[in-house]
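A.B. asks: Here are the chains, one letter per residue:
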Amino acid sequence: MTLQEKKIFFDIDKTILFLYLCLIFIGLTAVFIVEHNANTSFFSTLFSFNNNFSKQFYFIIFSFIIAFIIILVESNLIVSFAYLSYGIGLFLMILTFVIGENINGSNSWISIGGVLNLQPAELCKVFTSLALAKYYSSMTHNANKKEGIKMIALIIVFIPAILSILQHELGQAIIYLSFMIALYREGFPASILIVSICFAILVLASLIIEPNTLVISLIGIALFFFFFNLKKIKKNKKLGWIIAIILIFSVFIQRFTVPYIFNNLLECYQSTRIYSLIGKDYDCTQNKKRISKDLKLVSRKPDDYNVRQSMIAVGSGGFLGKGLFKSTQTKGKYVPAQHTDFIFTSIGEAFGFLGCSIFLIIYLTFILRLLNIAESQRSTFARVYGYSIVGFFFMQFAINVNMTIGLFPVIGITLPFISYGGSSLFTFTILLFILLKFDIDKQKVFR
Amino acid sequence: MNNQRRDKVIQLIIISLFSITFLQLFNLQILNKKYKVAAETNSIFLKVIYPDRGIIYDKNKKSLLENKVSCDLIVTPSDVKMLDTHLFCDILHISIQEFKKRMNDLIYKNTYVKPSVFEGVLSNEIHAQLLENIYKFNGFSLSQRAVRFYPSNAGAHLLGYLGEVDSIYLRKNKNDGYEMGDYIGVSGLEKQYEKTLMGQKGINRLLRDNKGRLQGKYENGIYDTLPTSGRNIYTGVDIGVQVIAEKLLENKIGSVVAIDPKTGLIIALASSPNFNPNALIGPNRRKAFVSMLYDTSKPLYNRSIKGMYPPGSTFKPLGGLIGLAEHVITPDWGYPCNGNYNGCGDPRNCEHKNVGHANNLVQAIANSCNSYFLQVFRNTLDNNKFSSVLKGYENWATKVREFGLGEYTHVDIPGENKGNIYTSSQYVQDFKTTDWSSCYLLTLGIGQDRMTMTPIQLAKMVTIIANEGYYYDPHFVDDIQNPTPAEQQILKNLKTKHIIHDIPKEDYYPIIEGMYEVTQTGTSSFIKIPGIQYCAKTGTAQNPHGKNHSIFICFAPKDDPKIVVAVVVENAGFGSTWAGPIGSFIMEKYLNDTIATSRMATFNDISNKNLIPDLIYKKMINKDNSQFYKDIQNKNTFYISEAPIDSLKVQIPHIDIKKKVTIKKNEKTKNNSNKSTKSKLNSKGNAKK
Chain A
108 MTLQEKKIFF DIDKTILFLY LCLIFIGLTA VFIVEHNANT SFFSTLFSFN NNFSKQFYFI
168 IFSFIIAFII ILVESNLIVS FAYLSYGIGL FLMILTFVIG ENINGSNSWI SIGGVLNLQP
228 AELCKVFTSL ALAKYYSSMT HNANKKEGIK MIALIIVFIP AILSILQHEL GQAIIYLSFM
288 IALYREGFPA SILIVSICFA ILVLASLIIE PNTLVISLIG IALFFFFFNL KKIKKNKKLG
348 WIIAIILIFS VFIQRFTVPY IFNNLLECYQ STRIYSLIGK DYDCTQNKKR ISKDLKLVSR
408 KPDDYNVRQS MIAVGSGGFL GKGLFKSTQT KGKYVPAQHT DFIFTSIGEA FGFLGCSIFL
468 IIYLTFILRL LNIAESQRST FARVYGYSIV GFFFMQFAIN VNMTIGLFPV IGITLPFISY
528 GGSSLFTFTI LLFILLKFDI DKQKVFR
Chain B
55 MNNQRRDKVI QLIIISLFSI TFLQLFNLQI LNKKYKVAAE TNSIFLKVIY PDRGIIYDKN
115 KKSLLENKVS CDLIVTPSDV KMLDTHLFCD ILHISIQEFK KRMNDLIYKN TYVKPSVFEG
175 VLSNEIHAQL LENIYKFNGF SLSQRAVRFY PSNAGAHLLG YLGEVDSIYL RKNKNDGYEM
235 GDYIGVSGLE KQYEKTLMGQ KGINRLLRDN KGRLQGKYEN GIYDTLPTSG RNIYTGVDIG
295 VQVIAEKLLE NKIGSVVAID PKTGLIIALA SSPNFNPNAL IGPNRRKAFV SMLYDTSKPL
355 YNRSIKGMYP PGSTFKPLGG LIGLAEHVIT PDWGYPCNGN YNGCGDPRNC EHKNVGHANN
415 LVQAIANSCN SYFLQVFRNT LDNNKFSSVL KGYENWATKV REFGLGEYTH VDIPGENKGN
475 IYTSSQYVQD FKTTDWSSCY LLTLGIGQDR MTMTPIQLAK MVTIIANEGY YYDPHFVDDI
535 QNPTPAEQQI LKNLKTKHII HDIPKEDYYP IIEGMYEVTQ TGTSSFIKIP GIQYCAKTGT
595 AQNPHGKNHS IFICFAPKDD PKIVVAVVVE NAGFGSTWAG PIGSFIMEKY LNDTIATSRM
655 ATFNDISNKN LIPDLIYKKM INKDNSQFYK DIQNKNTFYI SEAPIDSLKV QIPHIDIKKK
715 VTIKKNEKTK NNSNKSTKSK LNSKGNAKK
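Chains A and B, in that order, are what the protein sequence lines are. Basically my numbering = 1-based index in the first sequence + 107. Basically my numbering = 1-based index in the second sequence + 54.
Hints may be right or wrong, so weigh each one.
To be verified - Estimated spans, in silico, between C-beta atoms of each pair:
1) Asn-81(B) with Leu-128(A): 30 to 36 Å
2) Ser-221(B) with Ile-465(A): 51 to 57 Å
3) Ser-197(B) with Leu-128(A): 48 to 54 Å
4) Ile-69(B) with Phe-169(A): 29 to 35 Å
5) Leu-461(A) with Val-167(B): 32 to 38 Å
6) Ser-155(A) with Phe-76(B): 35 to 41 Å
7) Gly-194(A) with Asn-86(B): 48 to 54 Å
8) Ile-272(A) with Gly-270(B): 42 to 48 Å
9) Ile-69(B) with Leu-337(A): 36 to 42 Å
10) Phe-175(A) with Leu-280(B): 55 to 61 Å
11) Leu-461(A) with Gly-270(B): 26 to 32 Å
Rather than coming from a laboratory, the hints here were simulated on the basis of the structure. Note that CB positions come from ideal geometry on N, CA and C, so glycine has one too.
Whole structure, please, built from the sequences with the hints as guidance.
C.D. replies: Below, the structure is given as structure tokens:
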């Protein structure tokens with residue numbers, strides 16, 4: 108090894124590396140807990156490559172190799188290939204419409220040699236972040252076009268998101284919302300965030316509260332604002348009109364937009380999941396999207412089955428958990444997709460509240476450390492890129508864990524580094540190590 | 055730039071969202087207990103392990119019943135693949151349609167993935183064939199479970215049988231640990247000693263997966279409890295005597311009770327018509343049971359403790375004894391009987407006409423003189439000691455009750471009747487006056503009138519006479535394995551000696567002498583047991599239902615009684631003709647342990663004789679249960695294979711039905727009344743049960 112290479116490995120962020128290895132190990136353990144049964148031994152299954160646990164082990168080794176290669180690659184190379192890779196990513200996503208494998212109801216997978224199922228939407232996260240970073244860094248010194256930045260940045264983000272929706276992968280599309288964090292950091296107006304939060308609250312409220320009661324309470328809130336700002340309104344009559352318009356707009360959303368979203372935009376099972384989260388039944392006959400297919404789905408298991416089972420699994424863990432390999436819910440295979448989307452239940456049941464807390468703290472430290480690294484980047488490219496992946500990790504973690512404990516509707520996305528699956532593991536390893544590479548080359552300026 | 059402070063906002067958002075997750079975890083895992091319960095009901099299956107029921111032994115420590123491992127054929131429909139249906143159906147002797155029907159039923163009842171019983175309690179033959187071929191039948195497996203087995207095919211009435219516990223019992227006894235589908239003793243010793251025999255169920259906690267399949271033990275079985283086997287019971291029954299008794303009662307309606315007078319232990323207790331206890335085990339249990347339930351001859355009815363018969367002449371020894379005790383007669387007192395008793399105007403018949411057959415008490419018992427005992431009874435009631443006949447009767451009734459008439463014998467199997475001795479007030483109601491003459495209830499003196507006794511009461515009465523004044527309650531159980539304090543108390547009660555105080559020992563001597571004389575010169579003098587001096591009394595009880603009941607009481611040896619027997623054969627005629635020989639064979643078997651070859655011919659004659667009243671018999675074979683008997687005759691075995699068909703208790707000789715239809719008219723009416731009152735009697739018994 109040359110001196111320079113030694114320096115590379117010396118400069119790498121040790122905290123992140125350590126936390127990364129920790130999470131990988133936790134993930135492997137969690138998958139093993141799911142796979143475990145009494146008459147298999149740890150080592151005989153580890154190398155056999157005929158179960159998920161063993162496959163995950165090989166995926167991890169492979170991802171280490173990927174990480175190693177990324178560290179060795181010249182960082183400028185990555186920067187210069189940003190747009191090209193974005194193009195390739197989009198091409199692959201479009202390709203899935205043609206040769207896509209149907210797995211779990213979406214055609215978003217490409218099978219490679221029958222061993223590995225690749226999901227281009229996952230890889231596209233890397234390419235989109237790179238493209239966004241590249242775009243921002245190229246615009247930094249171009250003061251004239253500052254207003255246009257926002258629109259083009261949004262387009263870069265939303266093309267893959269829309270493609271994901273077309274593939275019926277709502278989960279992946281929602282993850283692209285995490286670019287909001289990066290965009291916000293780079294000067295996107297905060298009002299957008301506030302408005303969208305208000306919108307979300309309004310949607311939720313119109314689901315929970317009786318329509319007429321909601322209208323009355325909305326009017327109440329409006330009057331409340333009106334009388335408290337009476338003096339200001341006297342000075343500036345515009346303000347009164349604004350309140351009135353907001354009120355009318357809110358009622359419009361509550362009356363027309365929300366039903367439209369649930370009946371026309373979302374598919375039946377998605378609406379059902381969201382309704383079940385707040386403890387209501389969604390009448391699928393109202394749903395106008397893909398009616399012919401959905402009528403068959405009506406007779407399936409109740410849609411909150413998996414959430415209920417995963418909550419039972421996590422909840423029954425108690426304070427200390429049931430102990431390694433003693434989880435009854437896990438052994439009985441009560442939680443569907445437990446090795447992928449619901450992997451958190453295997454930790455929750457086996458190690459209880461204590462284990463979960465430690466896990467949360469590790470993950471939180473990991474994300475905050477990433478945020479720290481991203482913020483400390485000197486070049487715009489690295490910073491935008493850093494914030495993008497902070498958004499990814501945070502979004503995926505928050506949605507995944509919260510859906511297993513009943514705080515978020517069930518969406519098929521993985522828990523980075525923990526869930527079983529090559530596609531997810533490789534994507535996040537690549538994402539992470541590209542940032543680490545930029546971090547090593549902090550002194551350079553990327554364009 | 056303003057933007058640079060935005061990282062703090064982002065940090066805040068991240069931390070606050072983590073906190074929400076954290077709080078929800080706290081809520082789920084620590085505050086909320088319902089998920090723990092939900093997880094357990096979800097995934098832990100409580101499997102009940104049934105203990106082996108206790109075994110009941112006879113006095114020679116031979117088992118009266120055992121637990122036999124029998125095999126069930128279990129099928130898991132989802133695993134059935136590439137089945138050679140033809141071979142499979144051939145082995146099980148079922149049609150392919152039947153196979154398909156059963157599979158559909160199972161899947162409907164117990165889902166596609168859970169194992170269910172395809173055929174229970176396989177016969178040995180089918181089991182062997184299946185064992186050879188089971189590897190060809192994917193999804194089928196053999197599973198063992200314990201069932202009762204009766205090695206000597208005898209003792210159905212005393213042992214009782216098991217049945218599924220009913221919902222009424224479950225509701226009343228919630229804490230006894232029974233669940234729907236469990237088996238419980240329904241009658242006989244199985245019911246009486248249920249708590250002893252049952253043992254304690256064990257519980258295994260098994261993991262169950264999302265489709266209800268069992269995955270193995272929970273926590274390696276540290277929470278499992280082992281079943282405790284039921285405890286054994288040692289009885290005084292002699293299975294050899296029991297088998298002989300049942301054999302002798304074949305094709306008759308009647309019963310036999312044999313007691314060891316020294317201990318009160320019951321040696322044999324048989325009631326006929328009988329059934330093979332093994333018939334109530336196995337796949338066709340229900341069919342056999344229903345068929346017996348509707349049988350006009352009531353094979354399930356235990357006549358030895360429930361059947362109530364007028365004792366007839368067998369009451370005479372006790373009548374004489376009471377006369378002696380009351381000093382209304384002396385042993386030398388005689389009555390000049392010339393074939394009639396004219397003391398109450400209307401002459402009463404006596405079997406003997408020769409002068410001097412009732413010259414003293416011994417002769418009177420030996421010759422069973424009616425006149426003599428009618429006079430003794432009248433003397434007892436008309437005793438000057440008492441102010442009225444009514445008082446005299448009350449005194450007599452008290453004495454009689456001391457000998458167990460009209461009282462429960464406290465035998466340790468459930469459902470006994472206590473016979474009938476009217477109280478004075480009941481007679482007052484009948485006579486509508488308190489001013490009686492002893493002639494009003496004259497025939498009580500020879501065991502008729504309203505007096506009825508069960509066979510076990512007869513045996514108890516003889517026990518007291520044989521013991522010269524003491525007895526133990528007749529009972530089966532001699533000892534219990536590791537008795538609990540409660541059971542020790544029960545055993546102590548059973549072994550309590552009861553003494554008849556107010557009758558001096560000397561008074562018994564002429565009675566015993568008289569009963570000995572019966573076997574020498576009297577009514578049963580033609581019945582001899584090789585090498586044994588026995589005492590007996592025959593009875594020919596008139597009854598309103600038809601032919602006389604043939605009754606016989608006896609004990610042997612004369613000087614040191616070791617066995618007491620009471621035999622009743624319904625509607626058979628003279629006591630000495632049928633009941634007498636049966637009693638003698640039982641004593642011979644018990645005392646000599648074998649039956650002399652010279653007597654085997656008589657033995658077989660009696661055993662083969664059909665004494666069931668014609669009309670009952672006709673109904674038995676023609677009506678509800680015709681298929682049941684056809685099956686037996688064609689040896690179409692639905693009993694488990696160990697039970698030899700020959701030993702089935704009711705054997706049907708060939709009958710010419712045409713002949714039966716032309717029964718004489720009067721006989722028909724007789725039999726009709728016989729049947730109707732009998733069914734009344736039976737329904738009474740059932741109601742008590």
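A.B. asks: For each hint, tell me whether it holds in the structure or not.
C.D. replies: Against the structure, the hints come out as follows:
1. Asn-81(B) with Leu-128(A): 30 to 36 Å: holds, 31 Å
2. Ser-221(B) with Ile-465(A): 51 to 57 Å: holds, 52 Å
3. Ser-197(B) with Leu-128(A): 48 to 54 Å: holds, 50 Å
4. Ile-69(B) with Phe-169(A): 29 to 35 Å: holds, 34 Å
5. Leu-461(A) with Val-167(B): 32 to 38 Å: 37 Å Cβ-Cβ, so the 32 to 38 Å window holds.
6. Ser-155(A) with Phe-76(B): 35 to 41 Å: holds, 38 Å
7. Gly-194(A) with Asn-86(B): 48 to 54 Å: The hinted range 48 to 54 Å holds for Gly-194(A) and Asn-86(B), with Cβ atoms some 50 Å apart.
8. Ile-272(A) with Gly-270(B): 42 to 48 Å: holds, 44 Å
9. Ile-69(B) with Leu-337(A): 36 to 42 Å: Cβ of Ile-69(B) to Cβ of Leu-337(A): about 38 Å, so the range 36 to 42 Å holds.
10. Phe-175(A) with Leu-280(B): 55 to 61 Å: Holds: the Cβ-Cβ distance is about 58 Å, inside 55 to 61 Å.
11. Leu-461(A) with Gly-270(B): 26 to 32 Å: holds, 27 Å
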